[in-house]
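Based on these hints, arrange chain V on the given structure of chain Z.
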Amino acid sequence: MALTRAQVEGIAHLARLELDPAELPQYEQSLSRIVDFIGELERASTAGVAPMAHPLPGLAQRLRADEVTERDEHDLYQRNAPAVASGLYLVPKVIE
Amino acid sequence: MTMDRRTVTQMAADLRARKVSSVELVRACLPRIEASQSSLNAFVTVTAEQALAQAQAADRELAAGRGGPLAGVPIGHKDLFCTAGVRTTCGSRMLENFVAPYDATVVARLQAAGAVMLGKLNMDEFAMGSSNETSYFGPVRNPWNTDLVPGGSSGGCAAAVAARLLPAATATDTGGSIRQPAAFCGVTGIKPTYGRVSRYGMIAFASSLDQGGVIAQTAEDCARVLRSMAGFDPRDSTSVDNPVPDYLAGLDAPLAGVRIGLLKEFFDTGLEADYERRVREALAVFERLGARLCELSLPNIPRSVPAYYVVAPAECSSNLARYDGVRFGHRCRNPRDLTDLYKRSRSEGFGAEVKRRIMTGTYVLSAGYYDAYYLKAQRVRRLITADFERAFAEVDLLMGPTTPTPAFALGAKSADPITMYLNDIYTISANLAGLPAMSVPCGFAGGLPVGLQIIGPHFAEQRLLHAAHRFQLETDWHTRVPERCA
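Residue numbers (my numbering), protein chains in the order written: chain Z, 256 to 351; chain V, 43 to 528.
If you're looking for bench data, these hints aren't it; they were derived computationally from the structure. A portion of the hints provided could be inaccurate.
[Claimed, not checked] Pair ranges (Cβ atoms, derived): (1) V:L417 x Z:K348: 39 to 47 Å; (2) Z:L345 x V:L94: 32 to 40 Å; (3) V:T188 x Z:A302: 49 to 57 Å; (4) V:R364 x Z:A302: 34 to 42 Å; (5) Z:L279 x V:G312: 28 to 36 Å; (6) V:A298 x Z:L269: 53 to 61 Å; (7) Z:A277 x V:R102: 55 to 63 Å.
[Stated by the list, open to error] Residues on chain Z that point at chain V, a partial pick, calculated with CB under 10 Å: (8) A267; (9) L269; (10) A270; (11) R271; (12) E278; (13) L286; (14) V290; (15) E297; (16) P310; (17) L311; (18) L314; (19) Q333; (20) N335; (21) A336; (22) A338.
[As the list claims (entries may be wrong)] In silico contact screen, one side only, chain Z against chain V (beta carbon under 10 Å); selected entries: (23) V263; (24) I289; (25) G294; (26) A308; (27) R334.
Even for Gly, the Cβ is constructed at its ideal location relative to N, Cα and C.
Pulled out of the complex, with its shape left as it was, chain Z reads as follows:
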């Protein structure tokens, strides 16, 4: 199934990616190839087969007590932030 340019632009927007117009034909083509390739799955007969979400069958998700176990490492973590002030992350103005 060929994806249209509009579809590719729509997917890119959902993924918060901005594609260079010059790159668009390449993504259109390669994503169409991929969609064709995975479309093959349609032919698998899976009636009555439950989807598998975890690679170890029968293993339940482990839970833990709702307790604070980590130290506050605010300053350490913010050393990797592109822009901070007074311990806050800076982003462009959202509300005028």
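Here is chain V on its own, set in the frame of chain Z:
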């Protein structure tokens, strides 16, 4: 700068016997790494100062008769394991300047065992690739022939071990990223059972498939390193709370009576003739050792690659949503507004293959397509897993080729993503089913290394390592080194 061919096992013994010091080992490794960078590009970051400091500490421990099982042994980490205070890039511009604030559990455990970190190894960007060509820091080259790729995504790890720049490296495998480069570079690699090794501090690509493991020269070394890495970690919610057996115990036991299944689907038309010959010769070695071979067919295996290219991109698109240019990672200049900040930071920070996978994942998870692709793939995944369960009711291990061909030329498969994806046709199914799997050198085709793949049931790492070790006692393929590196 002579090559040090010693294995982890030999180095650990020599260190313990005080025949060599850790500082001497590190001082011998560093210039060879430096000299190899222009031809192999296996490292993203070399941590020379820290390595010497760790080596001095290890030597003090050893002198006092203490020190862990890997005390003083130099190793490298794939650059997606977080290393506190050391740049951790995941092969991406997005994390070009990211300094990890903490150690991955794997890194902390190996350090506690006494291993000395020489540096961070190059890889495909966010582990998405089978050739190491998607790294922002340039491709790694295959030590057997630098016009060829080393495989991926753990290409730096495999190339470094093959060139004997270091005796072992940590690596990860989401669809073949340990086994395929190990095969291409003529080294031994193990991807353990999903949940066996903690994913804490391992930068996520596809969380239901990612698993950390080891690339080394021998199965015995894999066992030795894995023993120090594996085990329950409360910080990884999918870590399995089973005791870790001593992987070194029983490695020499006879193989008589072991039942080995050959998957018909792995000996298909895509398998190169010379490659197949080497694999069949390896299987004959197992037969001589008393193993019984039989052929099996698992009908859902051919659907592994399409199922994987739904599940893995879906998980990738979700995991990589965290790179927003706000808290860490690349940020674009002069964003107009928040959406522009997200979009341009991500578009500048990610390379083409990562973007393609994020978009594939976004597509298969989007309204109207979720049932047809994502749920369907998860159902097929269960069929594939059930196929393996049936097989392991009849046999102890499955064996076959690791890849359809030996290493290919740089650029040969980068034009079409499907051609590249199909390179992992024999490795992907083990990830979908969460099974442990290895690649072991088993000869050469056209002068290039060939890998024998061994797959076992969940938590049968010991069985895999045992079979691989017995094979390596009978053969010397794992001792071969590229002439240009010797």
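Status of each hint after checking the structure:
no.: 1; hint: V:L417 x Z:K348: 39 to 47 Å; verdict: 41 Å, holds
no.: 2; hint: Z:L345 x V:L94: 32 to 40 Å; verdict: 39 Å, holds
no.: 3; hint: V:T188 x Z:A302: 49 to 57 Å; verdict: 51 Å, holds
no.: 4; hint: V:R364 x Z:A302: 34 to 42 Å; verdict: 37 Å, holds
no.: 5; hint: Z:L279 x V:G312: 28 to 36 Å; verdict: 32 Å, holds
no.: 6; hint: V:A298 x Z:L269: 53 to 61 Å; verdict: 57 Å, holds
no.: 7; hint: Z:A277 x V:R102: 55 to 63 Å; verdict: 58 Å, holds
no.: 8; hint: A267; verdict: 6 Å, holds
no.: 9; hint: L269; verdict: 5 Å, holds
no.: 10; hint: A270; verdict: 4 Å, holds
no.: 11; hint: R271; verdict: 4 Å, holds
no.: 12; hint: E278; verdict: 8 Å, holds
no.: 13; hint: L286; verdict: 6 Å, holds
no.: 14; hint: V290; verdict: 7 Å, holds
no.: 15; hint: E297; verdict: 7 Å, holds
no.: 16; hint: P310; verdict: 3 Å, holds
no.: 17; hint: L311; verdict: 5 Å, holds
no.: 18; hint: L314; verdict: 7 Å, holds
no.: 19; hint: Q333; verdict: 8 Å, holds
no.: 20; hint: N335; verdict: 4 Å, holds
no.: 21; hint: A336; verdict: 6 Å, holds
no.: 22; hint: A338; verdict: 7 Å, holds
no.: 23; hint: V263; verdict: 7 Å, holds
no.: 24; hint: I289; verdict: 5 Å, holds
no.: 25; hint: G294; verdict: 8 Å, holds
no.: 26; hint: A308; verdict: 6 Å, holds
no.: 27; hint: R334; verdict: 7 Å, holds
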